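2 protein chains.
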Amino acid sequence: MNKPYYAVIFTNRQSEDLEGYGKMAETMESLTKKQLGYLSFESAKNELGIAISYWETIEDIKNWKANLDHPEAKDKNKCYSWYKARICKVERDYEFGD
Amino acid sequence: MNKPYYAVIFTNRQSEDLEGYGKMAETMESLTKKQLGYLSFESAKNELGIAISYWETIEDIKNWKANLDHPEAKDKNKCYSWYKARICKVERDYEFGD
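Going down the list, the sequences are from chains R and G.
For the first sequence, the working numbering assigns the number 1 to the initial residue and increments by one for each residue that follows.
For the second sequence, the working numbering assigns the number 1 to the initial residue and increments by one for each residue that follows.
Keep in mind that the hints were calculated from the coordinates and are not lab data.
Treat the hints with care, as some may be off.
Identical copies look the same in the list; a pair holds intra-copy or inter-copy alike.
[To be verified] Subject to a maximum C-alpha distance of 20 Å in a straight line, what follows is the list of computed EDC-like cross-link-like pairs (lysine to aspartate or glutamate): (1) Lys65 with Asp17; (2) Lys62 with Asp93; (3) Lys89 with Asp17; (4) Lys45 with Glu95; (5) Lys65 with Glu95; (6) Lys89 with Glu59; (7) Lys45 with Asp98; (8) Lys45 with Asp69; (9) Lys65 with Glu19; (10) Lys65 with Glu26; (11) Lys3 with Glu91; (12) Lys62 with Glu95; (13) Lys89 with Glu19; (14) Lys78 with Glu47; (15) Lys78 with Glu19; (16) Lys89 with Glu56; (17) Lys34 with Glu47; (18) Lys65 with Asp93; (19) Lys84 with Glu42; (20) Lys78 with Glu26; (21) Lys34 with Asp60; (22) Lys3 with Asp60; (23) Lys84 with Glu95; (24) Lys78 with Glu95; (25) Lys89 with Glu42; (26) Lys62 with Glu19; (27) Lys3 with Glu47; (28) Lys62 with Asp98; (29) Lys78 with Asp98; (30) Lys84 with Glu16.
Since we're looking at a predicted model, the values are computed, not measured.
With these hints in hand, go ahead and build the complete structure from the sequences.
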């Protein structure tokens, strides 16, 4: 790792009302990946969903968050019965395997 | 949030050789939850597995990592074909729902 980077950990439980979820998720993904400073994305989901996006700077995260208030992404709140978002500074990383 | 806390994001792909995985996972969980400074744990798994543990201080993470080299947890490496671990400082969090 050359320098610190940032992560947004988004842990969530989906609500039962999933109308519009597919389109909302697609819009969110598309908005995220073309956002300045975006590095990568990881997710997995069972009862609990975890989605983590990685960013170059904290400013990039602020700009991304502002963009997520875009009208096309407005359904995001009603699709979750619970979520917790954490903004993190990645201080160190290490990798094994290929 | 009262003060900063820390997260270890462990993203992984399981190997095909899962002999000993169940016992190893159980040992890891037990060692983790009784470790000083442990706060909470979240995980989800599809093709990609994501396991996140939260800690009071970075020192607690160092002590935990030393404990994971315990002989009973020695199978952990052969159970993953790939993993990436990231040590993070959680700078801000917010929650929605119940």
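Hint by hint, here is what the structure shows:
In the homo-oligomer, the alpha carbons of Lys65 and Asp17 never lie at most 20 Å apart, since the shortest distance is 23 Å inside one protomer and 41 Å across protomers. Taking identical chains as interchangeable, the C-alpha atoms of Lys62 and Asp93 lie at most 20 Å apart only when they sit on different chains, with a minimum of 13 Å there against 23 Å within one chain. For the homomeric pair Lys89 and Asp17, neither the shortest alpha-carbon distance inside one copy (33 Å) nor that between copies (34 Å) is at most 20 Å. When the C-alpha separation of Lys45 and Glu95 is checked against a cutoff of 20 Å, the pair qualifies only between copies, where the shortest distance is 18 Å, while the shortest distance within a copy is 22 Å.
In this assembly of identical chains, the alpha carbons of Lys65 and Glu95 lie at most 20 Å apart only when taken from different copies (15 Å versus 29 Å within one copy). In this assembly of identical chains, the alpha carbons of Lys89 and Glu59 lie at most 20 Å apart whether taken from the same copy (12 Å) or from different copies (16 Å). For the homomeric pair Lys45 and Asp98, the shortest alpha-carbon distance between copies (19 Å) is at most 20 Å, but the shortest distance inside one copy (23 Å) is not. In the homo-oligomer, the alpha carbons of Lys45 and Asp69 never lie at most 20 Å apart, since the shortest distance is 24 Å inside one protomer and 29 Å across protomers.
Within a single copy, Lys65 and Glu19 get their C-alpha atoms no closer than 22 Å, and across copies no closer than 43 Å, so neither meets the 20 Å cut-off. When the C-alpha separation of Lys65 and Glu26 is checked against a cutoff of 20 Å, the pair qualifies only within one copy, where the shortest distance is 16 Å, while the shortest distance between copies is 37 Å. Taking identical chains as interchangeable, the C-alpha atoms of Lys3 and Glu91 lie at most 20 Å apart whether they share a chain (8 Å) or sit on different chains (17 Å). Only between protomers do Lys62 and Glu95 lie at most 20 Å apart by alpha-carbon distance; the minimum there is 17 Å, versus 28 Å within a single protomer.
Taking the shortest alpha-carbon separations for Lys89 and Glu19, neither the intra-copy value of 34 Å nor the inter-copy value of 35 Å comes in at or below 20 Å. In this assembly of identical chains, the alpha carbons of Lys78 and Glu47 lie at most 20 Å apart only when taken from the same copy (17 Å versus 27 Å across copies). In this homomeric assembly, Lys78 and Glu19 come within 20 Å of each other (Cα to Cα) only inside a single copy, at 9 Å, whereas the closest approach across copies is 42 Å. Proximity of Lys89 to Glu56 under the C-alpha cut-off of 20 Å is found in both arrangements, the shortest distances being 10 Å within a copy and 15 Å between copies.
For a Cα distance limit of 20 Å, the shortest separation of Lys34 from Glu47 qualifies neither inside one copy, at 29 Å, nor across copies, at 25 Å. Within a single copy, Lys65 and Asp93 get their C-alpha atoms only as close as 25 Å, which misses the 20 Å cut-off; across copies the closest is 13 Å, which meets it. For the homomeric pair Lys84 and Glu42, the shortest alpha-carbon distances inside one copy (16 Å) and between copies (11 Å) are both at most 20 Å. For the homomeric pair Lys78 and Glu26, the shortest alpha-carbon distance inside one copy (16 Å) is at most 20 Å, but the shortest distance between copies (36 Å) is not.
Within a single copy, Lys34 and Asp60 get their C-alpha atoms as close as 12 Å, which meets the 20 Å cut-off; across copies the closest is 37 Å, which misses it. For the homomeric pair Lys3 and Asp60, the shortest alpha-carbon distance inside one copy (15 Å) is at most 20 Å, but the shortest distance between copies (23 Å) is not. Taking the closest pair of Cα atoms, Lys84 and Glu95 come within 20 Å of each other only across two copies (4 Å); inside a single copy the shortest separation is 26 Å, beyond that limit. Taking identical chains as interchangeable, the C-alpha atoms of Lys78 and Glu95 lie at most 20 Å apart only when they sit on different chains, with a minimum of 14 Å there against 36 Å within one chain.
In this assembly of identical chains, Lys89 and Glu42 lie within 20 Å of each other by CA distance both inside one copy and across copies; the values are 16 Å within and 18 Å between. In the homo-oligomer, the alpha carbons of Lys62 and Glu19 never lie at most 20 Å apart, since the shortest distance is 28 Å inside one protomer and 44 Å across protomers. When the C-alpha separation of Lys3 and Glu47 is checked against a cutoff of 20 Å, the pair qualifies neither within a copy, at 34 Å, nor between copies, at 29 Å. For the identical chains of this complex, Lys62 and Asp98 are neighbours neither inside a copy (32 Å) nor across copies (25 Å), given an alpha-carbon limit of 20 Å.
Taking CA atoms no more than 20 Å apart as the test, Lys78 paired with Asp98 passes between copies only; the shortest distance there is 13 Å, against 38 Å inside one copy. Only within a single protomer do Lys84 and Glu16 lie at most 20 Å apart by alpha-carbon distance; the minimum there is 18 Å, versus 33 Å between protomers.
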